Every structure is written in structure tokens, then in C-alpha cells.
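Asks: Sequence:
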Amino acid sequence: MGDLLTQRPRGTTDILPQDVVRWQEIERTVRELCQVYGYQEIRTPVFEHTELFARGVGETTDIVEKEMYTFTDRGGRSVTLRPEGTAGVVRAFVENKLYGWADAVKLYYIGPMFRYEKPQKGRLRQLHQFGCEVFGASGPDVDAEVIALNVEVLRRSGLRDVQVELNSVGCSVCRPRHREQMVEKLTPFKEQLCTDCQRRLERNPLRIFDCKNEICQGVLMESGAPTILESLCDDCQIHFTGVQALLQSERITFKINPRLVRGLDYYTRTAWECVLPGYSSVAGGGRYNGLVAEAGGPETPGIGFAVGLDRLLMILADKQPEKSARSRLQIFVVVADPTAQVYGMEILQELRAAGIAADKDYLGKGMKAQLKSADRLGAAFTVIVGERELSKATVGLKNLVTGSQLELPRAELVEYLQSGGDKQ
RNA sequence: GUGAGCAUGGCGAAGUGGUUAACGCACCGGAUUGUGGUUCCGGCACUCGUGGGUUCGAUUCCCACUGUUCACCCCA
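According to my numbering, the first sequence is numbered sequentially starting from 1060.
Treat each hint with caution, since some may be false.
[What the hints assert, rightly or not] Quick list of in silico lysine-lysine cross-link-like pairs, PhoX-like style, CA-CA up to 25 Å: (1) Lys1419 / Lys1457; (2) Lys1177 / Lys1271; (3) Lys1457 / Lys1431; (4) Lys1419 / Lys1431.
Honestly, the hints are just simulated from the structure, not real lab data. All values derive from a computational prediction rather than experimental measurement.
Generate the whole structure from the sequences, applying the supplied hints.
Replies: Here is the structure:
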């Protein structure tokens, strides 16, 4: 091993036929749901100019600092494989002037994202996300709807015990104010903080709330540094209250978590995560009212979320480990004698032309082995043709479940099967 | 980036410093003439991730490399 030719790149995965079924299922589920909620699909490039992510996602985020797949193309431009979906959708929104639409713009996407991380359980370098974005509407009703959709996607996919953690991270009015307060309160304790938090204190103090280190959390308490939730401006407070009221009326249970800080810098006001007991978060989102302007568009509010599909499927596989069914084969054509080879292929074509899933052996196996293959492939019936059938223009139709077999004229085979004559 | 574990046939998985590397699954063939799924019989690793070292001798001991898994970090 260790062979570059025969080994996939680290952090990637092959989705084999037996698993693709699950992917198709989940994709169908989200598409249907999006349609019901009035979202339209958008497909943006899998790579963008590096600048878009650096500016959009945030220079100080881990994603931008150390996780991007960035390279220089042959034209000397720096491009980056998208590490998340929102930035590209925002860019497309601006570039294509979708802000010209008279109504709120509701979009969804689904596809691969790339982050240079150390792979582990539920964490890949090429990951897959499904996400929704709403542009041009700033009311709390939108926040509530988007959260509701987020939860519904997970429920419909088969997750029962989804928990929503909710927070508000403020806006361009209250955030800078809060930041100042944090720096002021925490600087005297700087030495006690872990090295990461010392750095955070300078670059993004809000993230200290997210630190798992108990000492840091102790320092936070002791210092009297306010949570962002305690520092919201009036407008943000009103908005947040509105969101909660709407969620309650929609019977979506949530838990307010004042320490919830999302890893992307563009979030404003509402931020949330969907978690399942025992797993890392499977989905998360937030409002990003400044992002469109940041990307060069007109001042436009936005909000969205993303679901980690690989994680979602992993959890589903844990919870419902039943085997995925292979696609159903109806008929396997067994050629009992080489002289009937062409005859068999003609019949195979007739079956397929009639929309009946049919297959045959391609390896020149003997009859016994062909029947074995038919059984293995899950065929309901075999059509057996040999010298005898050829000479009489008939076929043998064997029911693999009951083992019974009958002979009927070739011309009647398709009709017989379609009329449900195969029921016994 | 930090730490720990693991690398044996298509898959799962034993094992030992020394003549033939268990076993299970899968696969292939056979059990009389053109009939599967059950059963029975037989077959299926010049070789134990790569390179080097110790040794009379290593798949088993040591080192390096590579890969992989898990945790931390962070995130979906």
C-alpha cells in the first residue's frame, strides 16, 4: 500500500453503489422539502477566487487561516476550493444582481466542500453540505422559518431527537461594544488564559466563550465579562425576542446558549446549531446581514444554514443500520445452450424495451452458475432459453421464489409479465 | 498543529523468532445428461504496508517512512 495510484487522497471517500442509495434518498428528501418551502436550487462553482473566502468567511477564522485548499492556477490567479457554501452563493447573488428580484430570494445548494483538516470520525476533507440562504428579508419571521426548515430537514431524514441551540451574536452596533468590554475585563487575567484564548483575546474575543478549557471558563466568570447576549443593543434584543416567540408558536423547542459562537465571522444576530446527543453538530446557521455588502453588493440582509450530509448519513447509519437494498432486478436471462445466445439477447432487448429490468451473464458461465448469479442479483424470475426453446420459439419462465416453471411462446412473454401473470 | 492506537488473502479475523500462516464470509469447481437459493466434497496468502537494522533465521524484536483510525483543536 501507500500507493499513490491505488489509494484515494486522505480525507476523501468513495461512495459505493450500495451506499449511493442513501445519498439519493437524502437528496430527494431535501429537494422535496425545499420545493415545499419555496426555495430554488442554485449551483455555483466548486472553486472561487481566494479573496472571496478570505473576506467573506473571515481572515481570523480557522477555515481561512489553515484549512483552505488554495492553489495558483495556470493564469497566476489564486483560487480556492470552496470550504463552505454561503460565500459562493452570496457572490452569485451579487454578480447576477438577484437583488433585483421584487421578493425575498430563497436559494438552496447541495454539493461538495473542501477543508484541509485532519480526518476523523464524521470529518472529511471533501465533505458534502446541503444549505439554504434567504436574501433581502430581515424580520424575525424569516429566522424562525429558516430554523424550522433546518430542523425539518433533519427530522424528515430520520433524526428524532434534534436539539436546537440558539444564540444572538449581535450586530455592527453591539458587537464592537461588547468586544471592547471583553478586552477590558479580560486583559487583567490574560496570563491565566490558555494560549489559544490569549490569541483570541486579541483577534476575536467572542470565541473565548467557545473554549473548552475549564480555567478559561472560570476566568470568564470571575472577570465579569458579559456574554454577547447580555450586551445586545435594543434592536437586536427585540429581534431575538421575536425569533424566540415565533419558534415557540411553531412548537420548535430550543435551548438558549449564550456561549454559542459560530466559527465563521460573518454572522450577525441569530445563530444556531442543531445537535444530537453524543454527536458533534450536524447543522448550523445564522444571519449575516453585512455579508452581501461586504461582497460588493447593496446592503442586503441574509440568513442561512448548512447541514453536514456526511455526518447526517453517518448518524442515520448508526441509528438504522439495516442494509440498503440494491436496485431490483426482475428478470435474468439464462442461456442454456450457446446456440441460443443470439435468441437470448433478442429477448433481453425486448424485455428492456418494455421497461422491465433485465440482465444476463457476461462471463460465459455454465447454466448452473447463471442461475446462481440470477439468485445472487435478486432476480424474481429467470427466462431460460436453449436449443429446445429456440426451435419452438418459446421461453422457459422460472419463478425463483417458488421454483415453478412454465413454458410460453416468446411472443407472449412481455405481455404475460406486464399483465401481472407473474404474480404466482 | 498536538497526542494515542493499528497495518496479515476480496472482506472480517487468529497467530508464532525457525519445516505446510488458523478460522469465518465471499468467490470458483464438483456431487451423471439443460435448473438456482439448503447440504456435502474440493479449491483459493512463493506471503503477513514500504525500506532498513538485530539475528544462523523474522510476518512475529528495533528504527524510519507511508497509510489509516480515534481524541484534542476547530467545524458540518
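Asks: Hint by hint, note whether the structure agrees.
Replies: How the hints compare with the structure:
A C-alpha spacing of about 15 Å is found between lysine 1419 and lysine 1457, which places the hinted pair at or below 25 Å, so the restraint holds. Distance hint between lysine 1177 and lysine 1271 is fulfilled; the C-alpha atoms sit about 19 Å from each other, no more than 25 Å. For the proposed pair lysine 1457 and lysine 1431, the alpha carbon gap of about 13 Å is at most 25 Å, so the pair holds. This hinted pair checks out: lysine 1419 and lysine 1431 have alpha carbons roughly 12 Å apart, not beyond 25 Å.
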